[in-house]
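There are 2 protein chains.
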Amino acid sequence: MNLILLSGGSGKRLWPISNDARSKQFLKLLNNETNLESMVQRVWRQLKEAGLQSSTVIATSKAQVEILKSQLGSTVPLIIEPERRDTFPAVALAASYMYSKKNLSLDTVIAVLPVDPYVNIDFFNRIQELENTLIKSHADLALVGVKPTYASEKYGYIVTKNKSSNDYLEVSRFKEKPSEYEAATLISQNAYWNCGVFAFKLKYIVSILEARNMPVQYDELLKNYNDLEKISFDYAVVEKAEKITMLPYNGEWKDLGTWNTLTDEMEAMVSGKGIISEDSVNTHIINELDIPIAVLGIKNAVVAASYDGILVTDKIESPNIKKLMKDFEQRPMYEERHWGWYKILDYTKYPGQKEVLTKRIGIKAGSNLSYQKHFARTEIWTITNGYGELAIDDQIKNIKAGDVITIPIGTKHGIKALQDLEIIEVQYGNQLIDEDILRLNTDWDEVKALCKVNYK
Amino acid sequence: MNLILLSGGSGKRLWPISNDARSKQFLKLLNNETNLESMVQRVWRQLKEAGLQSSTVIATSKAQVEILKSQLGSTVPLIIEPERRDTFPAVALAASYMYSKKNLSLDTVIAVLPVDPYVNIDFFNRIQELENTLIKSHADLALVGVKPTYASEKYGYIVTKNKSSNDYLEVSRFKEKPSEYEAATLISQNAYWNCGVFAFKLKYIVSILEARNMPVQYDELLKNYNDLEKISFDYAVVEKAEKITMLPYNGEWKDLGTWNTLTDEMEAMVSGKGIISEDSVNTHIINELDIPIAVLGIKNAVVAASYDGILVTDKIESPNIKKLMKDFEQRPMYEERHWGWYKILDYTKYPGQKEVLTKRIGIKAGSNLSYQKHFARTEIWTITNGYGELAIDDQIKNIKAGDVITIPIGTKHGIKALQDLEIIEVQYGNQLIDEDILRLNTDWDEVKALCKVNYK
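Chains as they are written, first to last, in our numbering: chain X, -2 to 453; chain W, -2 to 453.
Keep in mind the hints are simulated off the structure, nothing from the lab.
Please note: incorrect hints may appear among the correct ones.
For identical chains, the list gives no copy identity; a pair is met inside one copy or between any two copies.
Stated by the list, open to error - Subject to a maximum C-alpha distance of 27 Å in a straight line, what follows is the list of computed DSS-like cross-link-like pairs (lysine-lysine): (1) Lys270 / Lys356; (2) Lys351 / Lys270; (3) Lys25 / Lys346; (4) Lys361 / Lys351; (5) Lys356 / Lys340; (6) Lys351 / Lys394; (7) Lys346 / Lys361; (8) Lys346 / Lys394; (9) Lys356 / Lys397; (10) Lys346 / Lys397; (11) Lys320 / Lys59; (12) Lys270 / Lys340; (13) Lys296 / Lys323; (14) Lys270 / Lys346; (15) Lys397 / Lys351; (16) Lys151 / Lys296; (17) Lys351 / Lys340; (18) Lys240 / Lys200; (19) Lys160 / Lys240.
Quantities reported herein were computed from a predicted structural model and do not represent experimental measurements.
With the hints as extra help, turn the sequences into a complete structure.
Right, dumping it as structure tokens:
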């Protein structure tokens, strides 16, 4: 069996800790013995423990490539959507990769799973049994259904037909987010929670692509990706399947998608700098800022702070954060990249004058920023820790903590950390946008060779 | 009549907006027609409107000199305690100034008032009547008593003798913070709130100084200030007075010393960047940060954020913030100075390596930083707005936005803003402390003359 791990989501429901560059699955808030790990790190580790990691690819979007490499290692196998076009195109792209690039047989069973279930290893063992279920039941799709523990209004339900002699059940219909009363009725009729895990044979998805006149070759599908219809896997595949079976799972499963469910799994009441009065019962602080948070007399709440903003929410109300913030657009103030990270310390626009952006930048030993130039800004770098090599104006120089480098508009520059390097960068210019960058070369050996030639 | 305005307090009860350098009276949160003003700005304006400002001096400590000049103007008359030694030494120092420096007659009536009552102009008119009250009643002290509006447990009470034919009453005793029941009983017995306003003749306080073997000459008292006994005005004077009269005041008077009372006087629910859900009834946001605050489903609370920290408190519980933060020490992250302001953007200490402090600094047009040098740090200045003059290494240079100046350890430097000037400063060194500064000269004309001579 092969797996596709779907890493999606823009993550407004866990604002301000999650943002467009760092969805909820990347937050390092979960306890794993001595250290903290993110949801995606937990699932990736569990896939390895279940012996499934080597047959898994991660389907994701361009925006998440940097952070996935940062958290799972630079060799993690990624299928990268050029842009977000809903779940069916994402699954189709990964399936076409398995078909035309990995050359898997059309009879190969593929399981798709979301990146954010909070489960133990039994869940992954159960997923492996989907392969047999699919083959034995001759179904188009085989799903995992989670035995409900209460009449939740938040989940989708899988309604099954009467019990069979097999360990799987036949699916009769689906019901999304019922009322509590409906949910209780469904559960009494042997319904299960839909946890978003489903399996199919490669030939089934290939036949759907063909029927929809879509390319089945990965390269071609990728090329035409931005023209594909935005359509969900549920709508394009699940609703049209003739026979669907479901494998029940009777273990712990949680969706940590909102602050109330996520904080349930956090051992400490305070993450980061914070102090909570004794009468502030069941209140959590999640603080990524350097300044402290004090909470006094506030019960059943979450206070979450990052460089993007500060949220103070009642736990029960916390799923509504997405609605409150819907018109709220903001550039992320902290980002992880494959070469390191940066945080924005200050941004000021002087009316009728220049813009100034001050950043603290960390570059991991061995990593480098590409050789690049800007057309509308000067950059002033103060090296504050570590040492490395600077490429500037086609020359290579050794730099170390304490050095100050002024990079005028149009000047070619790049930097490589030989030891973990930190920089305070002041950008100064007419229009400070991420797009004002011309990347000349990202390979440091080539940059050095180039500088040597030009410098002669 | 002459007045002493007492500006004291370290302000933990309004943390994190107030700090040691910015007590509650300096917070610009009160509405004055089109702009916001601080408590001290409001009282200073009201003193002017009542015709009392020109006969008022402000008794304060060294720590508040910069911000008082910034908020009230550089010519504001200040009597500066070398260090905090409670209210009796503070009043005595100001009185000795009036006696030996302003040469006021010993029969001059002096009124002392705190800087933080929230009142209208009638209150100040009533204060002026203390002069007549003191003279007519032949009392040692004359106080203003505020007619209570409810049985508060937070205030001190002035208990008076039976009604007289005068508009003033004779004081029989004081009662600090009674229980609600006691307070109600006191009010039924014609007790008043003690608002901290009292008047005396200059000769009365001079005689007490003499009786305590303290100097009556300002210069001498100032010189010996740090050896004076720490004793409150209440204990040293009020409790020992033979006859005290009280002038009732039957108008609005509020103590805005805690978040619940202060927010009552704020018209807007949100000050700074913030968004509050509709169900968050009676919740205020006070946000001095550049990042937004979102509040969801939290009632009767205050969320206050500054570069010092973030407070989330129930309004009723808010007076307890002082207790919660009692062991909490922190350097202020934002400070106003007479020449402008600065905020700390980032502080990092690299283990076994250097410390780095990044600041954004604003210097007001016409102001300058002293000509100075440091012994343990390099500074890198990027001028981000405005223009001015730089004195460095005994040379004068014109500088403007976009310039970068590196100031190595031991290098003399100073800067004057000819137009409002902003700088991103990166400090880099072994030990970044405020004390690492040798001020060579604060007078810019002298600095320029010196540079001219040395540069020849």
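Status of Lys394 relative to Lys351 across identical chains (alpha carbons, at most 27 Å): between (30 Å within a copy, 22 Å between copies)
For the identical chains here, do Lys346 and Lys397 meet the 27 Å Cα criterion within one copy, between copies, both, or neither? Between copies only: 16 Å across, 31 Å inside.
Copy assignment of Lys270 with Lys346, given that the CA separation must stay at most 27 Å: Between copies only: 17 Å across chains, 30 Å inside a chain, cut-off 27 Å.
Within, between, both or neither: how does the pair Lys361, Lys351 come out at a Cα-Cα threshold of 27 Å? between (31 Å within a copy, 18 Å between copies)
Given identical chains, is Lys151 near Lys296, meaning Cα to Cα at most 27 Å, within a copy, between copies, both, or neither? both (23 Å within a copy, 25 Å between copies)
Evaluate Lys356 and Lys340 at a C-alpha cut-off of 27 Å and name the case that applies: within, between, both or neither. Classified as both: same-chain Cα gap 6 Å, cross-chain 15 Å, threshold 27 Å.
For the identical chains here, do Lys351 and Lys340 meet the 27 Å Cα criterion within one copy, between copies, both, or neither? both (21 Å within a copy, 20 Å between copies)
Between the shortest in-copy and the shortest cross-copy C-alpha distance, which are at most 27 Å for Lys240 and Lys200: within, between, both, or neither? within (15 Å within a copy, 103 Å between copies)
When no copy is named, should Lys320 and Lys59 be tagged within, between, both, or neither for a Cα gap of at most 27 Å? within (25 Å within a copy, 49 Å between copies)
Give the relationship of Lys346 and Lys394 under a CA distance limit of 27 Å: within one copy only, between copies only, both, or neither. Between copies, since 26 Å is at most 27 Å while 33 Å is not.
Within, between, both or neither: how does the pair Lys351, Lys270 come out at a Cα-Cα threshold of 27 Å? between (35 Å within a copy, 23 Å between copies)
Up to 27 Å between alpha-carbons, please classify Lys25 paired with Lys346: within, between, both or neither. between (33 Å within a copy, 23 Å between copies)
The earlier numbered hints are all upheld by this structure, with none contradicted.
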